[in-house]
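Student: Here the protein sequences line up with chains S and B, keeping their order.
Start counting the first sequence at 1; every next residue gets the next number (the working numbering).
Start counting the second sequence at 466; every next residue gets the next number (the working numbering).
Simulated restraints on C-beta separations: (1) Lys-782/B with Ala-427/S: 53 to 61 Å; (2) Lys-225/S with Met-798/B: 52 to 60 Å; (3) Glu-710/B with Ala-427/S: 34 to 42 Å; (4) Ala-281/S with Lys-691/B: 34 to 42 Å; (5) Phe-409/S with Lys-736/B: 49 to 57 Å.
Covered stretches of chain S, as calculated for chain B (at least 3 residues, CB under 8 Å): (6) 108 to 120; (7) 251 to 265; (8) 275 to 282.
These are calculated hints, taken from the structure and not from any lab test.
The structure presented is a predicted model; accordingly, all values stated were derived computationally and were not measured.
The beta-carbon is built from N, C-alpha and C at its ideal position, and this holds for glycine as well.
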Amino acid sequence: MATIEQKGMYKVFPRSGKNVSYTHYCPGCGHGIINKLIAEACAEMGLQDETIFVDPVGCGVFTYYYWDAAHISAAHGRASACATGVSRARPDAVTIAYQGDGDLGAIGFNNAFQAASRGEKFGCIFVNNSLYGMTGGQMAPTTLEGEKTTTTPFGRDSSLTGYPLHVCEVFNQLKAPVYIARVSVADTRRIMQAKQAIRKVFQIQKEKKGYAILEILAPCPTNFKMTPDKAAQFVIDEMEKEFPLGVFRDETADHVNPKSVEVPLVKSCMELFQEKDSIPAAINDAGFAEKRFKFAGYGGQGILSLGLTVAEAARLERRHTLWFPSYGPEQRGGSANCSVVVSGTPIGSPTVEHPDVLVAMNQPAYERFAADVKPGGTIIVDSTVPVLVEPPEGVKLIKWPAIKMAEEFGVPKAANTMMLAALKKFALTGLTAENLETALIASFKKKPELGEKNRELLRKAEAHE
Amino acid sequence: MTKFVKSNEAVVMGALYAGCEIYFGYPITPASEIAHGAAKWFPMLGRKFVQAECETASINMMFGAAGAGKLSMTATSGPGFSLMQEGLSYLAGAELPAVVIDVNRAGPGLGNVYPEQSDYTSAVKGGGHGNYSTFTLAPASAQEMFDLTVKAFEMAAKWRTPAVVFADGLQGQMMETVELPDTEMKAPDFSAWAAEGTPATRNNLVKSIYLDAKQQEEFNRHLQAKYAKMQADAMSESYLADDAEILLVGFGISSRIARTTAETLRKEGIKAGCFRPITLNPFPREDLAKVAAGKKILTIELDAGQFADDVRLNLAKMCLGAEAAALKMINRMGGEVVSVDDAVKAAKEMI
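Chain S extracted, bound-state conformation:
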């Protein structure tokens, strides 16, 4: 059989499993015409090497049999999400998503709409034949009122299924798209116009101008249950009435890509994550008895940073260290707690079931955790907290006026530093005084003057009997 060479198409279509040169489309199908126009445009514009087609699920699924360019076959409805990934990965390529009215109008509408809203740099060619072709002629969002399909056997009932979805008109509410238009392939004049519009979509991508969507009204004689000429007439008489042809937006001439927000750039991961005075890794020291801490109080009392300061001191001492905060709604409820584990050997369980030391800065914190403290352990509770429940046997209780001292010193926010003073004074951390102070100063890295001030307050508080 003689083959007719099509521009932009393979000469024969071995990917179909057969060495043929005819497509899988039904006679009179709009896809066949549109496939040819796209292939021609791509070839005529010299873009075959740089184009990546994103193929849909639907009747257009096999465009990779035909178009001589790179292809990625996407999941149903996801061609626009997939094309987003492609165009972000390959900004120099020309990315074209080919989608139908089920793929784009229904299952993937949000993906297509959001991609348009972000102004993704790909072109979307959207074929609207008013129904689902591949799966057997069911209703699409674009099905006309009263139109009979296999899922609207009595005609589309707008009282139950609403009205035809006007994709171009909806997308035209967005700011980012550069080009939005609707064409038809129902007759020769319309096909010529469609070709120009398709070229425009490619041109916009070639020039990296932004997002473009072209809706193409197409006949589906098989599912319209019409001859090809009647089906084409149906597009002109009925579909075009519902979906008027035209250019909704064309900013190609005066389009300016929005200015990027400035990002400070670095050259490597090593530069990005470098740390001045990085602390060397922990060393194994079985002689150091593991200590588990629980810090609890109201959010805003500096509970989490108190835990972090102890953790930092432990790291300075080259201990294995773990810090874990309360999180989620727990944290937003106004109470905060964190756990710290300091160990001479690799830390097993990260949870602090039985703290060696509990620092409780409010009543709920004391009542929630006091009973868990290990025999031989210590509770430091702020002296404002009424101790209504005795601590467990063998647990030492220290009432410490952290909040009061912080107020007396004129720095109410430093109540956590006052608590650190107690941890240091009573030698409850197993860490050196020097490292605790260094860690405290380091916790004010961003405000060095506060670091020194807090060290002074810490020393003053320690003098308290």
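Mind docking chain B on chain S? Use the hints.
Tutor: Frame of chain S, contents of chain B only:
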């Protein structure tokens, strides 16, 4: 060089060191810090961050990026991970490399944001449609959140498969010291098969469709053969296991509870040891069989027993049916964590 970081942040660092070029994601507690870190650090390195409209979009964007030959990632938690199953199946079906981090929260449904390991089946066995599974790694520390994220990218590229780093809410939130390497990896070259928009890749086609049943079966056989080969990359860790009478088996955060439990039991004169799969798929069943033969086994897990069943299955595959039959489990669900006290008690009951 070391840094004291949240495990979730260590994931982003690992991805960047591994040569990941794009992050696609949708925020969800308790994985959001991964998106926060990525939003800041990817662009600073000239790489890309895209906030998708939903998890379905994220994973399909990854499909596109991978199809175009770039390594990408996302991070999510249970509800989002469910939405990604479609895309994971397509990634496996098109043999594309990509990395998903699942920071497991409690479920089913909306559940809560506290730790569980209940996504086990979907994270390990392939939660989407069709005969596929992911290369799945289970970190247990901030250091491993870094190291195993790097490994996930290596394995994804090596095997052309989606890889999952399977963590949990507790792990995601905790801070530990991470040692960072002195060099970073280059992005691999996928031009042999990817659609890159270049003359050399013009003929490349990325797809998961085989209309012909015979071809589809052939492809399935090819996938299964590949999965069998992956077994060589299984990883595990044993602790105090050699002379143990009772073996505590757990992965991820549960393995650390197992470690403290074993240490506690040893102090009381009970010979306890631990085994932990680091890769859940491929499951290190040969390593398990070596240490588990003749021992009593207690699994520690934050699910309803999906992991215990998998351990039983793998023991049975290694002809350790008696050990599998006698296996016991201690578990918590709903965001609660197995306590060392309870694990010690459960172990003692078996002696």
